[in-house]
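> Sequence order for the protein chains is P and S.
As numbered in my numbering, residues 58 to 229 make up the first sequence, in order.
As numbered in my numbering, residues 7 to 326 make up the second sequence, in order.
No incorrect hints appear here.
Straight-line distance between alpha carbons at most 25 Å, and here's what the computed SDA-like set of lysine to any residue pairs gives:
no.: 1; chain 1: S; residue 1: Lys55; chain 2: P; residue 2: Phe171
no.: 2; chain 1: S; residue 1: Lys54; chain 2: P; residue 2: Ser129
no.: 3; chain 1: P; residue 1: Lys114; chain 2: S; residue 2: Lys170
no.: 4; chain 1: S; residue 1: Lys54; chain 2: P; residue 2: Phe143
no.: 5; chain 1: S; residue 1: Lys269; chain 2: S; residue 2: Gly283
With beta-carbon atoms standing in for the labels, derived distance ranges:
no.: 6; chain 1: P; residue 1: Met194; chain 2: S; residue 2: His18; range: 28 to 36 Å
no.: 7; chain 1: P; residue 1: Ala195; chain 2: S; residue 2: Met116; range: 40 to 48 Å
no.: 8; chain 1: S; residue 1: Ala33; chain 2: P; residue 2: Ala108; range: 40 to 48 Å
no.: 9; chain 1: S; residue 1: Glu203; chain 2: P; residue 2: Ala195; range: 54 to 62 Å
no.: 10; chain 1: P; residue 1: Arg76; chain 2: S; residue 2: Arg60; range: 37 to 45 Å
no.: 11; chain 1: S; residue 1: Met116; chain 2: P; residue 2: Ala222; range: 50 to 58 Å
no.: 12; chain 1: S; residue 1: Asn173; chain 2: P; residue 2: Ser178; range: 44 to 52 Å
no.: 13; chain 1: S; residue 1: Gly221; chain 2: P; residue 2: Ser178; range: 57 to 65 Å
no.: 14; chain 1: P; residue 1: Lys210; chain 2: S; residue 2: Asp171; range: 29 to 37 Å
no.: 15; chain 1: P; residue 1: Arg105; chain 2: S; residue 2: Lys32; range: 35 to 43 Å
no.: 16; chain 1: S; residue 1: Leu133; chain 2: P; residue 2: Pro206; range: 47 to 55 Å
no.: 17; chain 1: P; residue 1: Phe171; chain 2: S; residue 2: Met116; range: 30 to 38 Å
For the record, the hints were derived by calculation from the structure and aren't laboratory data.
Where a beta carbon is used, it is the ideal one built from N, C-alpha and C, also for glycine.
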Amino acid sequence: MLPLDAEWFDAESLYAELREGVRALLRPDAALVGIWSGGAWLAERLQRDLALSGGDKGFGVISSTLHRDDFSARGLGGTDATRLPFAIDGRHIVLVDDVLYTGRTIRAAVNELFDFGRPASVTLAVLVDRGGRELPMAAAFAAARIVLPATQKLSLTKAEDGSFAFSVRETA
Amino acid sequence: MLMRRNPQLNAHGELIHLLSIEGLPKAVLTQILDTAGTFLSVNDRDVKKVPLLRGKSVFNLFFENSTRTRTTFEIAAKRLSADVINLDIARSSTAKGESLLDTIANLSAMHADMFIVRHAESGAPYLIAQHVAPHVHVVNAGDGRHAHPTQGLLDMYTIRHFKKDFNNLTVAIVGDIVHSRVARSDIHALTTLGVPEIRAVGPKTLVPGDLAGMGVRVCHRMEDGIRDADVIIMLRLQNERMSGAMLPSAGEFFKSYGLTPEKLALAKPDCIVMHPGPINRGVEIDSAVADGSHSVILPQVTFGIAVRMAVMSTIAGNQA
Chain P
58 MLPLDAEWFD AESLYAELRE GVRALLRPDA ALVGIWSGGA WLAERLQRDL
108 ALSGGDKGFG VISSTLHRDD FSARGLGGTD ATRLPFAIDG RHIVLVDDVL
158 YTGRTIRAAV NELFDFGRPA SVTLAVLVDR GGRELPMAAA FAAARIVLPA
208 TQKLSLTKAE DGSFAFSVRE TA
Chain S
7 MLMRRNPQLN AHGELIHLLS IEGLPKAVLT QILDTAGTFL SVNDRDVKKV
57 PLLRGKSVFN LFFENSTRTR TTFEIAAKRL SADVINLDIA RSSTAKGESL
107 LDTIANLSAM HADMFIVRHA ESGAPYLIAQ HVAPHVHVVN AGDGRHAHPT
157 QGLLDMYTIR HFKKDFNNLT VAIVGDIVHS RVARSDIHAL TTLGVPEIRA
207 VGPKTLVPGD LAGMGVRVCH RMEDGIRDAD VIIMLRLQNE RMSGAMLPSA
257 GEFFKSYGLT PEKLALAKPD CIVMHPGPIN RGVEIDSAVA DGSHSVILPQ
307 VTFGIAVRMA VMSTIAGNQA
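Produce the complete structure using the sequences and hints provided.
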């Protein structure tokens, strides 16, 4: 693992920016849905910090596993499950994730979402947009935009006290 | 010493065929049960279908009759978006004398990706698994008296659903154990998952002596067998597999080993009653029990679909 330059790449201060970005995106009838796992942590904390309707458990969690395009190569992997504690028909959904990269996870997550109904709109907010898109996906809000070599995997970690940090792993 | 690899696992220890529960590590079983939990919730969606097996062809090859198992495999494969082909084997080329491997070779030439096999001969799914191309997967849907691994797994899912874990349970399997591939698969699964007390209950003619070697307590009196049990798995009396007089009569069997409300009262108050089906009312189980509050026979059927989805998607995602 490589430590990122903490001076400008502090997950906690990026989270504070994301919180304000999401606040601006929220329509009156909006609901938060976090993409498992990093996005789900963010949605959980945003739900609380923004005091959204439905209480602390009022946010949704969505798994991209069942719609992934690399299933035949990767298999099922974990057993994360989608959990949507509200009907999504006609709702304005703000989808939250930690890192936006190729856009394939977002594509799979949106497909998964539509298995549950027809939302009025879906907007994407992310902590970090690292470029490298392979599909026409864009975030309405990104707290940071960086460029990383394709050999590096960037992901969010959550400490026991709930605080966020980034980890970078060499994949090649 | 040269260790032969379990033919169900690839070099990374991942499941590529499901042929028997025997020899599978606990982690593999637990992973399937966890995955099944994910698929159970697919029933609650507007769209009750996921695209994991889209474009794959699943062939149901049932050389023996089955309604429930074949249907639940078909539903499971369709929920995963696979194309399902049901072969009516009794009327097919096998009846004209084609060998099993020739049948498989021909179906493989039709680009089969998965075979779901039920066969009267123990070991037939192994033979098929040895001869298919590396990208083709095989699931045993019951072979002779040997194994019925998806039934074993759905029984484990049912037990975990109602009892939360396996650590302190007493599980009684009652009835025609000598002919039962379900009993064999259940015993292997219960042992691997850590159930401390497994009892095999039935008359001497139907409960083989070698079970004690599998760590199972053999009980020939029903009352001893189900006393304080947390789970009772009733088995069907298999008339079609019974040759010779192993039993005086079905009526006699019911008197001694049929599960009635009176006998059930000996088990724990929150005991669950399971049965792989089809049930013979008044032979191994009283209607009052089969339809009663302890019975989880119908949830077993529902869970069976999710478990078969988990098995098919797990093996399809792993490379030989």
